[in-house]
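Can you build the whole structure from these sequences, using the hints too?
Residues per chain, in single letters:
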Amino acid sequence: MDINTPVPTIYGKDFEKHGEMWKTQIAELRTKFQGAIEEVRFPREYPTDVPILYVKKESVIAVLDHLRSAPGFEYGFLADLTATDEEIDPRFEVVYNLLSHGNMARIRVKTRVSEGQEVPTATTLWMAANWPEREVYDMFGITFSGHPHMRRILMDDRWVGHPLRKDYALRGYQLFPDTPPPKPELLEKSDR
Amino acid sequence: MSKDGSAVFFTTKLDDFVSYGRKNSLWPYPFGTSCCGIEMMATLCSDYDMARFGAEAVRFSPKQADMMIVAGIVNTKMAPILRTVYEQMAEPKWVMSMGACASSGGIFNVYSVTQGIDTIIPVDVYVPGCPPSPEGVLHGLMRLQDMIQKGETRAQHREQALKRINLFSPFKTSTADDIKNAGYNAE
Numbered sequence: 044m045d046i047n048t049p050v051p052t053i054y055g056k057d058f059e060k061h062g063e064m065w066k067t068q069i070a071e072l073r074t075k076f077q078g079a080i081e082e083v084r085f086p087r088e089y090p091t092d093v094p095i096l097y098v099k100k101e102s103v104i105a106v107l108d109h110l111r112s113a114p115g116f117e118y119g120f121l122a123d124l125t126a127t128d129e130e131i132d133p134r135f136e137v138v139y140n141l142l143s144h145g146n147m148a149r150i151r152v153k154t155r156v157s158e159g160q161e162v163p164t165a166t167t168l169w170m171a172a173n174w175p176e177r178e179v180y181d182m183f184g185i186t187f188s189g190h191p192h193m194r195r196i197l198m199d200d201r202w203v204g205h206p207l208r209k210d211y212a213l214r215g216y217q218l219f220p221d222t223p224p225p226k227p228e229l230l231e232k233s234d235r
Numbered sequence: 175m176s177k178d179g180s181a182v183f184f185t186t187k188l189d190d191f192v193s194y195g196r197k198n199s200l201w202p203y204p205f206g207t208s209c210c211g212i213e214m215m216a217t218l219c220s221d222y223d224m225a226r227f228g229a230e231a232v233r234f235s236p237k238q239a240d241m242m243i244v245a246g247i248v249n250t251k252m253a254p255i256l257r258t259v260y261e262q263m264a265e266p267k268w269v270m271s272m273g274a275c276a277s278s279g280g281i282f283n284v285y286s287v288t289q290g291i292d293t294i295i296p297v298d299v300y301v302p303g304c305p306p307s308p309e310g311v312l313h314g315l316m317r318l319q320d321m322i323q324k325g326e327t328r329a330q331h332r333e334q335a336l337k338r339i340n341l342f343s344p345f346k347t348s349t350a351d352d353i354k355n356a357g358y359n360a361e
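Residue numbers (the numbering used here), protein chains in the order written: chain A, 44 to 235; chain B, 175 to 361.
Simulated from the structure, these hints should not be mistaken for laboratory data. Don't take every hint at face value.
What the hints assert, rightly or not - Straight-line C-alpha distance at most 20 Å; calculated DMTMM-like pairs for lysine to aspartate or glutamate:
#  : chain 1 : residue 1 : chain 2 : residue 2
1  : B       : K337      : B       : D189
2  : B       : K251      : A       : D128
3  : B       : K251      : A       : E178
4  : A       : K99       : A       : D128
5  : A       : K209      : A       : E82
6  : A       : K66       : A       : D45
7  : B       : K324      : B       : E265
8  : B       : K251      : A       : D200
9  : B       : K251      : A       : E82
10 : B       : K251      : A       : D199
Said to hold, decoys possible - Some chain B residues judged to face chain A by a derived CB distance under 10 Å, without partners named:
#  : residue
11 : L256
12 : T258
13 : V284
14 : Y285
15 : V287
16 : T293
17 : I294
18 : I295
Every residue gets a Cβ at the ideal spot worked out from N, C-alpha and C, and that includes glycine.
Here you go:
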């Protein structure tokens, strides 16, 4: 089955509570950011629990900023930032899961990015995006432009490759038993 | 001394006497990283009571311990830490690999997990199980005691090799060829 085929399903109960609010919000976003929103996947039309907005990566920060602070939206909490390897062109999708504490509603923003392209960092909006973006860089090799500290967070600094890419070998062992010497430029730089 | 007060003595080799002392006063260092660590705590507690075997003095500093119990999964990021802690322990030192994850990687046959701690440090006793029962840990401990008494452990092999090349003698300086000829393997 083609994954892009819309499948009408009943998936989660959030639609009954927030369906109308999501529709008005997305209509407002469409008028404000014309052309930036490539695609909207909505519950009951697509198997998802919350709406998925596909945004062009040039304007993803503007859309996220609007979602974060505009009245009526107020998705002020970055619940998660991760990525997926789709093995098509463009290869990766960076996923932003947002939560509104005021409305108790969630929304999901995705942006498609090819291999070697950069995504603007979300640390300008949420400081909490620092470590998730480093994890995405570590696991997928997607670099975030403007990030204060773009280096590996989970794997060893000497690691070759990015383990969560689909073409990385599942048993691609690399062992570094000795502690790496500390790099002076990393000691000077703070993580925050 | 016997019961009636008459003097009794027996002869033995000094090495055997030293091994007898060592095997009955093992000081464990608990390198517990996951659920095997809970089972190790149960082994140390009163129900199973590792103190019966002289191994109750748990030290959380590697410099004061001589038996490392690696209980649980060791990730590749943890590998240099395990190596450092092992190197900080004073000779002679023994390592017990407790559980499937520490021994072979267990079910975690993926990039992020070391496939057995013996890829990083030398291991004397492997205790299988997921997690091993306290009886299994005690069995491994008793096996380690037997090995120490017989002088079969890796630390004792190192010690004997150093003795063979007379590395401790102040009157003789050993060369790199001496070390090679004695079969000393600085693991």
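Now for the hints, and whether the structure bears them out:
1. K337(B) to D189(B): 12 Å, holds
2. K251(B) to D128(A): 24 Å, violated
3. K251(B) to E178(A): 14 Å, holds
4. K99(A) to D128(A): OK: K99(A) and D128(A) at ~17 Å, within 20 Å.
5. K209(A) to E82(A): Measuring from Cα to Cα gives roughly 25 Å; hence the hint is violated.
6. K66(A) to D45(A): Cα-Cα ~26 Å, so violated.
7. K324(B) to E265(B): Holds, because 17 Å separates the two Cα atoms, which is no more than 20 Å.
8. K251(B) to D200(A): 10 Å, holds
9. K251(B) to E82(A): 40 Å, violated
10. K251(B) to D199(A): 6 Å, holds
11. L256: 8 Å, holds
12. T258: 6 Å, holds
13. V284: 6 Å, holds
14. Y285: Holds: closest Cβ of chain A sits about 5 Å from Y285(B), inside 10 Å.
15. V287: This interface hint holds because 9 Å falls under the 10 Å limit.
16. T293: Because about 6 Å separates T293(B) from the closest Cβ in chain A, which is inside the 10 Å limit, the hint holds.
17. I294: 5 Å, holds
18. I295: 8 Å, holds
The structure shown violates the earlier hints numbered 2, 5, 6, 9.
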